[in-house]
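Chains Z and G supply the protein sequences, listed in that same order.
Quick note, the first sequence lines up with residues 0 to 179 if you use numbering that gives the first Met the number 0.
Quick note, the second sequence lines up with residues 0 to 413 if you use numbering that gives the first Met the number 0.
A couple of the hints might just be wrong.
[Stated by the list, open to error] Simulated pairs of lysine to aspartate or glutamate, EDC-like, Cα-Cα distance not exceeding 16 Å:
(1) Z:K50 - Z:D7
(2) G:K368 - G:D345
(3) G:K401 - G:D270
(4) G:K271 - G:E6
(5) Z:K170 - G:E37
(6) G:K377 - G:E6
(7) Z:K170 - G:E36
(8) G:K264 - G:E193
(9) Z:K148 - G:E193
(10) Z:K159 - G:E9
(11) Z:K172 - Z:D109
(12) G:K264 - G:D178
(13) G:K401 - G:E193
(14) Z:K159 - Z:E127
(15) Z:K159 - G:E6
Hints listed in this document are in silico derivations from the structure and should not be mistaken for laboratory results.
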Amino acid sequence: MKKHNKLDEGRAAMLLMQHYGVLYGYLYACVGNHADAEDLLQQTSLIVTQKIHQLKDVDGFLPWARAIARLEVFNFRRKSARSPIAIDPATAECLMQAAERVDARVNWTDRHQALSDCLEELPEHQREIIQSRYDGSVEDVAALAVRLKRTVSATYALLKRIKQALYECVKLKMIGRTYA
Amino acid sequence: MKEEHFEYLEAYLEGMLSPEEREDVWRQIRRDPQLAEELIIRSTDQAQMGLWAARNAPDLLAIDKIHKDNEDSFKAHPANSTTGNPSLYRTPSPSEKKEGRTPFTFANNCINSIIHNIPRFTKMKPNITHRNFLSNPVFLTGGLVVLLVAGLLFWFADSSEPQEQGDIAYFSRPIEESDEYHKGATIVAFVSGEVSLIEPSRHASNAAAESLGPTKRPAKANDVLPPGCQVHTGANSEVILLFSNGTIATVGANTQMLVEAFVQKEFDGSDKKVGELLEEVSPSRMKLNLDLGELIVDVRKLNRQSSLIIPTSVGTAGIRGTQFMVTANEDAAAVSVLTGLVDFLDVEKAVYHIAKEARLEANKETAPKRLAIPITVKERIEAAIQIARQKTGHLSVADLVKAFGEVSSRGVFI
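Could you put together the complete structure from these sequences and hints?
Spelled out as C-alpha cells, the structure:
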C-alpha cells in the first residue's frame, strides 16, 4: 500500500484523533490525574502538530508521539519540581517501554470496541453512573455522590465495582475475539 | 492480577494516594513490568471511557449532528482507509471555501472538541494504606496459605461459641480524667450533607449556660469537639472525625453517635502527618456509643494501656487497633473487620473474637453469629478509609496537640 510521506498538520490532527486514547492513557498513567493528563495531552498535541513534518513514516507515529509526550512529562516535572505529584523520569521511561510492549500484544481498536460494547451492556443504572463520572458534568466523586444521593465512600466503592466488572467483561470479549 | 493490585492501581488512577504512596506505586512499576503494563491498559481504558461518555454527552451530540449534516461533504482520506476509524479528513465544503477555512480546521476542531470534553476528574490526592506486599511475593503466598488454613478452621468452628472469657477486663477499664489522663479532642475533618452536633454545656460552673442545656448546631469542618458531643447525620450525609490519638472515624448516613468518653495522656507535637502514624500518639481510652447507624473506624495500633469500646444495643465492640465497621439499630448490630482484631462482648457477658475479614452479627433474639465479610461491605470499609485518610492527610501531630490543648483547657465535663 502506498504510504503518504507528506505529513501536514491535518494529517497530524487525524493521527492524534486515531491514537488519542493510547496517548492520553500513557500520560494519565504517568501523572495519575485527569486534569494534568489533559493539559499534557494538549501540549503534546501542539508539539506533534508543529513537528509532524519531522516524522518520516506514518507507521512510527505512535512511538514518536509518545516520546514527545514523555518529554512533556519531564517538562511538567521540572515546572513542578516541588510538587509531590511529579513523576520521576525513570518511571516515565519505564511506562513508555511498558506501553510499547502493550502496543505489541494488544489490538487497541479491538479493545476499545470491546470496552464500548461492555459499556453498552451494563445495567442502565450502572451505565448512567459511568456516564456521570466521565462526562465532565460532575467535578469529583463527592459531587457524584451528591447526585446519586449516596455517601462519598459508598459512591467510590460502587464506581470501583462497576469498573472491575467492565475490565472482566473486556477480558472475556478479548478472549472471544482471539478464538473467534 | 490480584485484587489488591487492582485496588492499588485504581486508587492511583483515582488520585486517592498520598505522595508517599504514589512514590511507592512508581517504585513497584519500575520493579514489575507486568504491573506497569497493567497500569497502561487500565489508564487507556479509562481514557476510552472518557471518550465514550463524551460521545454521549449533550455537547458532542451536537457535534455529531454537525457531522451528519455535513455528511455529504465528507470523503475518506486514502491513508485513513486502513484504520477502520471514521474519517476526519475531507474536502472543503463550498461555504468553507468561501470563508477560507480548510479541512484541517474541522479536524483540529474535532481534536479540540474531544480534548475539551475530557471531563475534569477528581483531584483527591492522599491516602491509602501502604501495600508493600506488592514487592514481596513470598510474603503474599505465605499469607494466602495462612489465610486459607485460617479460613478452613474458621469454617469448621462452631460460630456461636464465644472464644475467650478472660478479655472481659478490657471492656471495664476506667475511662475518666486523672493526673495522667486528660480530655481528648475530636476534630471534624470533613462534612457532607446534613450533620448536626449536640454539645454538652461548656462550663458546668456557669449556671446560666447549664440551664440552657445541650446546644445543637450544624457541624462544619475544623470544629474541635470535647467528649460528650453527639453527632447526628441525615440521609445521604457523612462526617469524618479525627480523634486526637490519631484514630479516624467515618460516621455514615442516618447515624446517631455519642463520644461518651475520651481521655488521653499528654503528648508532644511534631510535623509528622496523621497519615504516617502507625500507632496512636499517646495512650488513650475512648467510648463511642453507637445508638443507630454506621461507623467505620481506622484505629492506629493502640498502646497496651489503651482501650476503645463501642457499645451498641446488643453488645459492645472492643478494639485493639484495626479497620472495621459497626452498624447498629435498636435490636441488632453487626461488626465487620477488615484488618486486625475486634472483640465483641454480648449482653450475656461472653466475648467473641472477630478476626480479619470476618463479620459478627448480633441481635436480641439469638446468639451472635460469625460470617465471612461480604465483598460489598469490605469494599465499603476500604473506600471509606481511603477517603477518610485523604481528608485528614494534611493534618499533623502538631494539629492534634493544638486540638487536645484546646479541649483540655475548656473544663468540659465528661
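So, going through the hints one by one against the coordinates:
1. Z:K50 - Z:D7: holds (9 Å)
2. G:K368 - G:D345: holds (11 Å)
3. G:K401 - G:D270: holds (12 Å)
4. G:K271 - G:E6: violated (26 Å)
5. Z:K170 - G:E37: Between K170 of chain Z and E37 of chain G the Cα gap is close to 12 Å, so the pair holds against 16 Å.
6. G:K377 - G:E6: Holds. K377 of chain G to E6 of chain G sits at ~12 Å (cutoff 16 Å).
7. Z:K170 - G:E36: holds (15 Å)
8. G:K264 - G:E193: violated (33 Å)
9. Z:K148 - G:E193: Status holds; Cα separation ~12 Å.
10. Z:K159 - G:E9: holds (8 Å)
11. Z:K172 - Z:D109: Distance of about 9 Å is within 16 Å: holds.
12. G:K264 - G:D178: holds (9 Å)
13. G:K401 - G:E193: Given that 16 Å is the threshold and the Cα spacing comes to 27 Å, the pair is violated.
14. Z:K159 - Z:E127: holds (14 Å)
15. Z:K159 - G:E6: holds (8 Å)
Against the hints set out earlier in the document, violations occur for numbers 4, 8, 13.
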